[in-house]
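Novice: Each chain is listed here by its residues.
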Amino acid sequence: MEITETTEGAMGVAVLDGRLDTATAPATEAKLLAMLEKGGVIADLSAVRYVSSAGLRVLLKAAKQAKAAGRGFSVVGLQPAVREVFEISGFDKIIPAFDSRAAAAAG
Amino acid sequence: MEITETTEGAMGVAVLDGRLDTATAPATEAKLLAMLEKGGVIADLSAVRYVSSAGLRVLLKAAKQAKAAGRGFSVVGLQPAVREVFEISGFDKIIPAFDSRAAAAAG
Amino acid sequence: MEPAFHLRLAPSPGNVATLLDALEAYAEASALPPAVAMRLALIAEELAANVAMHATGASFFALSVRPAEGGLELAIEDDGPAFDPLGAAAPDTAAPLETREVGGLGVHFLREMTRAPRYERREGRNRLVCTLPLEA
Amino acid sequence: MEPAFHLRLAPSPGNVATLLDALEAYAEASALPPAVAMRLALIAEELAANVAMHATGASFFALSVRPAEGGLELAIEDDGPAFDPLGAAAPDTAAPLETREVGGLGVHFLREMTRAPRYERREGRNRLVCTLPLEA
Ligand SMILES: Nc1ncnc2c1ncn2[C@@H]1O[C@H](COP(=O)(O)OP(=O)(O)O)[C@@H](O)[C@H]1O
Ligand SMILES: Nc1ncnc2c1ncn2[C@@H]1O[C@H](COP(=O)(O)OP(=O)(O)O)[C@@H](O)[C@H]1O
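Residue numbers (this note's numbering), protein chains in the order written: chain A, 1 to 107; chain B, 1 to 107; chain C, 1 to 136; chain D, 1 to 136.
The following block holds chain A by itself, in its conformation from the complex (with noise of 0.2 Å):
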């Protein structure tokens, strides 16, 4: 998993590239977590093909985390099997889900 960072408007961008897995959950958590330190972050997936269950952890983790702090956190760029995994465990009702970086930073 490769995470570079950007800005989109006051937004913080994790652009994720490579599978979300167990192996990879724990770097990403605490590059997510880091970043939502500083401010609201859109977490971009269109790199990413794969979420399991533990990578779902890390992003229910950081919208909890957000949430706390008064923060935005959303993600974009889904691929048709993130969407699935995102639908059929019920996070496209929890973790915002928008078409674009520009769109996100506007929602």
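Hints are computed from structural coordinates only; laboratory data are not their basis. This one's a predicted model, so the numbers in the text were calculated from it and none came from an experiment. Just so you know, even glycine gets a beta-carbon here, dropped at the ideal spot from N, CA and C.
Restraint-style ranges between C-beta atoms, simulated for each label pair:
| # | chain 1 | residue 1 | chain 2 | residue 2 | range |
| --- | --- | --- | --- | --- | --- |
| 1 | A | G39 | D | T131 | 56 to 64 Å |
| 2 | B | S100 | D | G57 | 46 to 54 Å |
| 3 | B | T6 | D | P34 | 24 to 32 Å |
| 4 | D | Y119 | A | S46 | 49 to 57 Å |
| 5 | D | P34 | A | G9 | 44 to 52 Å |
| 6 | D | P33 | C | E101 | 37 to 45 Å |
| 7 | C | L97 | A | S46 | 22 to 30 Å |
| 8 | C | E28 | D | Y119 | 28 to 36 Å |
| 9 | C | S59 | D | P33 | 23 to 31 Å |
| 10 | A | A27 | C | E98 | 21 to 29 Å |
| 11 | C | S59 | D | G57 | 28 to 36 Å |
| 12 | A | S46 | C | R115 | 26 to 34 Å |
| 13 | A | A68 | C | E120 | 41 to 49 Å |
Add chains B, C and D with the ligands to chain A, keeping to what the hints say.
Specialist: Leaving out everything else, chains B, C and D with the ligands in the frame of chain A:
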């Protein structure tokens, strides 16, 4: 396996990146033989960490075709593991190996 | 019939990644549709990670895949303590963010993505079998 | 002792790549020295590719790796026609380019890189066992 084509002096250089094995041998062979139609070739193996006998077969074929056409064929950048394969198979004695592209072009 | 894929490994977190890499290569070699390949990896990861992290004393986990009527038959085995993943409670997938719990998703994926999952304990081994439909 | 790695696949060229990917991930998870990981992959590829390409009617090839005295014990099995790779002639590794033949390198690597390779035919299966030393 990714193969990028460049030049060093009058020689063509094939920069190989990946495993040179059963799966990647056919495409690599096609590429090297096509380049040898045009002139001498240096195969840069700096980014190749694995060569199997299927890979050696490709290099042998290229060396033989080069010899028949009166052209040069050499390798550069052998990783320690790849060098071991060359030595055990005796390929170190039939395919010239150089430290750098410049040395190969001069040699 | 011989399985098309059978991998047995010592149950470490690192070997969960080994299993996923092998499955990804197998899915490519077998030209499985991407959605099917992802579900296969998801189910395998959940169950293998459970063994690697919770099954005290287990010496291996193993996954077999064989073509069967209506899809791929998956069988996951380990020699850890008796544990029926199908006995776990389903998560509340309608809970709001504040009260949403992590965990339990593995068995939920198993129920939602596969057909006829069944568990048995035999000769000191856990064995879970299910059918993964091939439609994308 | 249970093998640390056991992979059984249908014998296709694509699955030779599956085996190599799995071995690479396993070597990483087990922190094998790179030189040892390469020799392991080399031996496995040679034997698996032979089965995939020459063993008419084989339904599988399988590789087991288990820690043993002095290194890793590798066992490669298939259910193709009886074939002893150790019976093959060694290549002339001193031949000049013009007369150098391809082929036969697989068994040469096996002899040079492993210890005590032995072949047996039993119950319709070829089984080759050898020890890969762990020193880099
Ligand atoms: N293979 C297993 N052997 C023994 N206990 C297990 C096994 N798998 C899961 N468990 C137990 O069930 C609990 C819930 O598992 P699971 O729903 O997968 O959530 P988690 O994300 O914590 O692994 C674990 O915390 C563990 O106590
Ligand atoms: N597993 C096998 N079953 C039957 N025949 C085999 C097997 N492996 C090799 N052979 C035979 O031995 C010959 C030499 O094999 P090998 O030295 O590995 O060279 P090659 O590069 O042609 O595979 C093959 O061409 C084939 O006829």
